[in-house]
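Participant: Protein sequences appear in the order of chains A and B. With the first letter of the first sequence counted as 1, position 15 gets the number 15 in the numbering used here; the numbers rise by one all the way through. Heads up, the numbering used here is the position in the second sequence plus 1000, with the first residue counted as 1.
Rather than coming from a laboratory, the hints here were simulated on the basis of the structure. Be careful, since some hints might not be right.
Stated by the list, open to error - Result set (DSBU-like, lysine-lysine): computed pairs, CA atoms no more than 30 Å apart in a straight line: (1) K5(A) / K1341(B); (2) K1099(B) / K92(A); (3) K1018(B) / K1056(B); (4) K1451(B) / K1003(B); (5) K1265(B) / K1283(B); (6) K1486(B) / K1111(B); (7) K20(A) / K1341(B); (8) K92(A) / K1384(B); (9) K1056(B) / K1032(B); (10) K1270(B) / K1283(B); (11) K1341(B) / K1270(B); (12) K1003(B) / K1032(B).
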Amino acid sequence: MSLDKATVRAIAELARIEVKDEELDHLAGELSNILHFVEQLSEVNTDGVAPMTSVADITAPMRADVINDGGYPDLVLANAPEAAEGFFTVPKVVE
Amino acid sequence: MTKLTDLTMAEARDGLAKGAFTAVELTSAHIKATEAQRHLNAFIVETPDLALDAAKASDARRQAGTAGSMDGLPIGIKDLFCTEGVQTTAASHILEGFKPPYESTVSGKLKAAGAVSLGKLNLDEFAMGSSNQTSYFGAVENPWKKTSAPKAKLVPGGSSGGSAAAVAARMVMAATGTDTGGSIRQPAAFCGITGIKPTYGRCSRFGIVAFASSLDQAGPMARTVRDCAIMLGAMAGHDPKDSTSVNMAVPDFEKALTGDIRGLKVGIPKEYRPDGLSDEVAKVWELGIEWIKAAGATPVEISLPHTKYALPTYYIIAPAECSSNLARYDGLRFGLRVPGKTLDEMYKNTRAAGFGAEVRRRILIGTYVLSAGYYDAYYAKAQKVRRLIAEDFRKAFESVDIILTPTAPSAAFGQGEGTDDPVTMWLNDVFTIPTSMAGLPGLSLPAGLSKDGLPLGLQLIGRPFDEETVFRVAGVMETAANFTAKPEGI
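Work out the full structure: start from the sequences and follow the hints.
Facilitator: The following block contains the structure:
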């Protein structure tokens, strides 16, 4: 499958990455090449094969539903580009 | 006396124990080496003052008789491991200035064992790359040079290229690496050192900047098999903070180095002879087979029929997981923020400015293969093929104890070569990715030099959680290889 510019723009929107118009052609070419490469998987017969979601042969452990860590808002906010009054700040989302 | 920077960790450990030198002396010698080799760009952040403080504390512990398994040994930490209070960037602009308020489990365990960190080592951005040319902080240079072109700068491999270069150049005795599709083994091979990706689940991933969570695994990189065994012992173990870390005892890996591999069956996969495999690599592989025969093990031809599909499978699964993992870099909580008029615009501006070309490419591919309408055709399909690849190994291990292959299809290449086409660049990992897909332990050790004087590596692949057999065979091969070459001027 080859990707056109409109599809690349739509993917970039989903991924929340700004892509300039002049980059679209090049990116469409690169991504199409990658898709051509991975499409050789269609040769493999996978009828009746269950998807592998984990290589580790373990059952996910359970733990008690209790708070066992936390209570340090200053540390959580220490690396925030912008914080105010104990919160992360964002551009205005409601008029 | 041998230079302090030329000692192996095992030798330094013994020297410290005997009082032949102090941890401060050992650390100072390595700090000098990092200064002398700064042109290699192996470090993103050097922390000599913290290192000297840690070395002093180590000497005090040794006096008090409470020294740990790696006490006083100078190491480097790949800048993908969060280190409390020390900048951690994953070699990305988007994380520049980020100082984690917590420590990754693996780097914390190494500290607890007494290891002295000299700083944070360069890598491919978010560990995405096989040449260390995608770092926002500049490419790392391999300390090795081609005899035919001694001025040309070579890549150290990737993504743990800073780790490999720093160990090869004697700036540190060992370093942490992480391996998602070969990121420990391929740079180890390119820089003439030893590195092991342990079984998935052996080491905690807590506090390691995530790339592809079902594949990422931390491991040691050092100059000898024994040093890797010592360091893996300090890194491994169950961690309640990572539910994929397995709750089983950590063996004494160093004890596995018995030197006796008589009777072992060593699988030689016939699919690992693709077009484009260099003659030199093929020859070193043959040599490796001779060594294990001479030591009393038996090579057995095996088939891993889905080998050729491992690379395309990886390039669906890894980008899919990366697109999800890297969604957290949004300009809100840490790192870079580029303003925008709306929240979405801020996300998009931040991520466009913060991620380099290779990372953007992988996020976009990952987003595409996970998007509605394509999920089954790409992602679900890849997960099914992944099972077939893992099954190939499971069947092979019914008849053999370990598998021997080359690590990479060629020796280190020049900076700037092969960067035009991502798919060509990815072929570097053709021998390491299948192991990663199956979650198996894989070790690379230097086995010889190319005609051009560059190191060539061989890979040993073991059964799940059987790092001991991997170390045992690697120890025998290391003795046979007797790899004593060093980069010029080191």
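Participant: Next step is simple, just say for each hint if it's right about the structure.
Facilitator: Evaluated hints:
Pair hint K5(A) plus K1341(B) holds up; C-alpha atoms about 25 Å apart against a cutoff of 30 Å. Proposed proximity of K1099(B) and K92(A) is supported: the alpha carbons are some 27 Å apart, at most 30 Å. Taken as a hint, the K1018(B) and K1056(B) pair is honoured in the structure, with Cα atoms around 17 Å apart against an allowance of 30 Å. For the proposed pair K1451(B) and K1003(B), the alpha carbon gap of about 29 Å is at most 30 Å, so the pair holds.
At roughly 21 Å between alpha-carbon atoms, K1265(B) and K1283(B) fall within 30 Å of each other, so this suggested pair holds. Under the criterion of a C-alpha separation no larger than 30 Å, the hint pairing K1486(B) with K1111(B) is consistent with the structure, at around 29 Å. Among the hinted pairs, K20(A) with K1341(B) is consistent with the structure: their alpha-carbon atoms are about 17 Å apart, no more than 30 Å. Proximity of K92(A) to K1384(B) is assessed by CA-CA distance (about 44 Å); at most 30 Å being required, the pair is judged violated.
In summary, the hint linking K1056(B) to K1032(B) is supported, as the alpha carbons are separated by about 17 Å, within the 30 Å threshold. A threshold of 30 Å between alpha carbons decides the hint, and for K1270(B) with K1283(B) the separation of about 15 Å falls inside it, so the pair holds. Between K1341(B) and K1270(B) the alpha-carbon distance is near 58 Å, which puts this suggested pair outside the 30 Å criterion. In summary, the hint linking K1003(B) to K1032(B) is supported, as the alpha carbons are separated by about 12 Å, within the 30 Å threshold.
Hints 8, 11 from the earlier list are contradicted by this structure; the remaining hints agree with it.
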